[in-house]
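Protein chains in written order, with numbering that gives the first Met the number 0: chain A, 0 to 340; chain B, 0 to 348; chain C, 0 to 512.
Keep in mind that the hints were calculated from the coordinates and are not lab data.
Keep in mind the model is a prediction, meaning the values are calculated, not measured.
Please note that a few of the clues may not be correct.
[Stated by the list, open to error] Footprint (simulated), chain C over chain A, 3 or more residues, beta carbon under 8 Å:
id: 1; stretch: 156 to 168
id: 2; stretch: 260 to 273
[As the list claims (entries may be wrong)] Some chain B residues well away from chain A (every beta-carbon gap over 10 Å; in silico):
id: 3; residue: L111
id: 4; residue: A134
id: 5; residue: G157
[Said to hold, decoys possible] Quick partial rundown of chain A residues pointing at chain B, CB under 10 Å, derived from the structure:
id: 6; residue: L63
id: 7; residue: I137
id: 8; residue: P138
id: 9; residue: L325
Glycine is no exception: its CB is placed at the ideal position from the N, C-alpha and C atoms.
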Amino acid sequence: MTTLPLAGSRVSGREMSQPQGPARIRGREVREVTLIVATVLTILAVGVFNHGFLSTQNLRFMLLNSVVLSLVALGQTLVIATRGIDLSVAPVMGLTAVVTGLLAQSSGLPLAGAVGITILLGLVLGTLNGLLVARLAIPPIITTLGTYSLYSGLVFVYSNGTQVDSVPASYATLGNGFVAPVIPIPIAVVVLAVALLLVWFMLNHTRFGRAILAVGNNDVAAYNAGIGVTGVKVRVYALSGLLAAIAGLMFVCYTGSATVTTGTGDHVELQSIAVALIGGTAIAGGRGNVVGSVLGSLFLSVILTALVFVHVPPIWYSAGEGLMILVTVTAGMRQSRGGNN
Amino acid sequence: MSTRNEVTARRRNLSRLPLDGWSRALLILLVLLVAGLCLSVDGFYPGFGGFLALTENFLPFGLVALGLTTVILTGGIDLSVGATAGLSAIVMAELWSGLHVSIWLAALAGLLAGGVLGAINGLIITRLRTEPLIATLATSFIYASIATALAGPSPPSGFPDSFNLVGTGTLVGPIPLQLVLFAVLALLFTLLLQYSTFGRRIVMVGYSSEAARYSGLRIDRIVLSAYVISGVMSAFAGIVLAAYYSAVRPDMGDVLLLSTITIVVLGGVSIFGGEGSIAGVVIAVLLLGFLRQGMLIAGYSDMVTTMLTGAILLGAIGIKNILSGRGTGIAALLARIRKTTSTKELGTP
Amino acid sequence: MSHAVAGPVVATGHFQAIDVTKAFGSVAVLRGVSLGLQPGRIHTMMGENGAGKSTLFKILSGLLRPSNGELRLDGAPVVLDAPHDAHLRGIYLVPQEPALMPELTVAETMFVGQLPTRPGFPRRVDWPGLRRRAQDALASLGLDIDVGQLSRHLSIAQQQQVECAKALLRGCRIILFDEPTSPLTSHEVERLFGIMRRLRDDGCTLGFISHRMDEVLEISDDISVLRDGALVDTVDRNGFDRVRLLSQMVGREMKVIPRRTTSFSTGRAMLHVEALSHAPRFHDVGFTLHEGEVLGLAGLVGAGRTEIAETIFGIRAPSAGRVSLGGADISGLAPHAVIRRGLVYVPEDRARHGAILPMTITENITSGLLDRLRQRFGLIDRQDEDRRGAAIVTQYRVRCAGIDQALRQLSGGNQQKVVFGKWMGLRPRVAILDEPTRGVDVGAKDEIYELIEELAKAGLAILVISSEMEELVRLCDRVLSIYEGRIVAELAGADVTPARVGQSYLSHDGLAA
């Protein structure tokens, strides 16, 4: 505390009346609001022409469909906030899906065991990324490009050509079931909600979370201020691995299948980056919006489903995704640049 | 103030490794690898012709790597190389089968398409000021869609034999046509990037686009042409692949992206721009290519070799960093200190 | 890191450097400097560029470690491994341009690394408390800055003010200011001095670096003069003597500053600038520069001089006005077109704008004239290139091991000569030199001055931007004074004296002072 006499110090009521919390800055919620509005408008617009789009079943489907990508994007958001990038999320997700799925399929691994394996795999693979980035100073894009190859090779070696076709009932329940027969909320959505809440709380209300943003803003200044930059980076990549692994488990539970190309085939790594950027995270680091990332992947899910409903051939889906990235990121850039002066 | 400059100078000293040294180390590794594979893997050296023919499997990667090197030297990145290769090949095939254009004319149009796609990337980056990573990520999605749409359910195949020779033919004795093409282009790129004023401009932009601007360089033009070159080379690779398989698929370029970035980085090109040589990249193409072929012949699967590729990339860059004093926590951070502070100051009004 | 912001009880603040030496490689930057900072006093370091003042402060604040010697806090030796160590011991460095966390709020940047938390589980950041304490700390310094805004919206002056409050929040009572005033306007300087006096009167130990004699004499309690990395003298308020301090800094008796020997007489008008504006940085700037003339632009940092130069050169687009070069209109042209018409610009920041340090000397020299290099089949004729490089290196007396040496291995002065050579190889008609001796060692300055004089004698029209009065006086035929983006005075002939120039740009009515 300052030892200066606080003469003349007056705490004006102005800032006390301001909303509390780090992210509550004028205009900061614009991105979330825009995404929600866009999502709702899309749903309504398509719903007018096709009432099936508004059915509870379809709405639930779209929600469920976004869970896996949302989980990956949560971790990706944290990494990008430190001015890094994690391409290896796709094979981490694939490896977890294949390992847990195969064990469940062949030797009846109980769900608790699968969760344990998921956590272990995610943390180990993620930590390796973090150590390479923080300790050996290999640029994140190169590090995770290398581990991308490494981990996708592992998937192949482990599965040895076999694939997951079905999972035990307990897994399927986790992926598709409801919280309770009377409460029609999918368990998977609850998993995502819990993950989002935890990550959001960590990023916005803990010292570690704020250290992530400080490192992304200016790692030298963060180091000078006594933040253990190396440790923060290692932990962030570990978290990204963990979330990707959880996404892998949810994927195998949801779809009941997993192959060598799970994750990598759909370019989950690129999609998660795209969704994070759409959600308002800055590629240059220092700003991370986890709520935005989840809303972004929900929006993506809605758009892709809407394209099905309005009979756009599936081949154009990825073009739509590309345009979305271009438009949102470029527009977002203009917006923040405008606010600069 | 002079102290600050000396500190800057010290950092640059550390971060720069004699390029020739790196290439030389790669070359030694390549020789050892090829010798080792020849001795230990049956069938790796079935005779000179057969040995050279192995290169047909990986030289398209080399073609993409040449273009990508140009882009990375400017400090950018092109994630759309795979999609561009696919789309260009499809354009060629559709012109040939749909409009009955001569296959050679169609191939030319394919190259042109690659150039246009590259130009779109370049324009988005220079006009909209979008980060190269994001711009080319977005366009790769879009190009892939267009390719799939153009290709339809059954993309054309069965090109004329004379065209297929581009992928599988030999020129003088046992030397594959692909190898000749690659050698010529590699030489051309060496001259272009290391001996011409254009190359000098590319390198200047890569080291410091600000300083290049104050030296009167037209940054936008230079960056744009780098992406056009990358697009054309990707298209070239797509066309060679089409000739090799005598067929096209919209996703045929997908395998190119990560491997070629690996090649370029392993070849000693700095991901931050400015540093690098074509010689290093060519050696890296051969190194990773022969390794992959050797492992495949020895009975290992494709993915195992992919894994090994990743390990080699990480090992190589890790060792390079440790040798140049950038490894381990604080040292690494200190190395980045100057970089961040020098770029940060820009933002202040 | 304790959860309370105030660290361990901090020393009363008698902070000493004992025989501190620092060398980078073989270059000694500090040689056996011993001095002490006292509580309740402002101790100023003076010296020319490269005298070692900043290095000393970096050592005192834990950014650098001394090669030899030790630091003592209240008589006890301390070792500072990192800035954070220094903070814990109550020592805080306010850099000239504070490192921003652009995307965080002002309140949060003040607490980075030491965010206060609420008790209980989970331990969460105490946002309301953080805001309140940030606001209080600023208020205690008489500052009114909205702590809820993003820090990228702060001006440099505000950033420095926030840094002062930050120091207090960390319980730091020894605060070092590394040349804070050079980017500030006179009004902002007054404000900063207000804060510094307040801190001093409260018993804090303050260190200060400045080049400006007037403000040093105004604010300091003690003055130490450094020259070539060694301490020349430390005097307290009673010993302040402007002339003596100056001669100590320069290392020789102050004599009459040598003026240019040959003055331009009636050269043709080369560069004509008319009502040029680039809102909001400068307005309605007009002047004419003649063949063989050296025209100076005087003013404080931030007065808009660099912006004027960059607008003429085409880096910035003018919002109004005209620039003509030898009669042809060049307003709004891009740099490459301006260069082709014979105008070159040597920027202030050599490392970032002026040169590409990792490239070789030759490559830097020819980087401005790539179009004019002899080419064979589209390839650079390396021999011709080397000849050009060698010619420039010889002509401008660049001291180097060879023309293939990387530019960053040269000293500041030699780097600057290479940058000069790069542009003069184009045989331009007009050259704009922005702080031509920035980062150049004292010895090499004279060489740069002689170079500029030779070029002017050969007919080049030269515009010099400088913050060093002596430099302007020595070089210029005429001096224009810029104050907050406008020309407020023009001095020529006998009027170009340090005193006149120094006064002319300090207020909007220029010469009236």
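- May I ask which of the numbered hints given earlier this structure violates, with the numbers listed in increasing order? 1, 2, 4, 6
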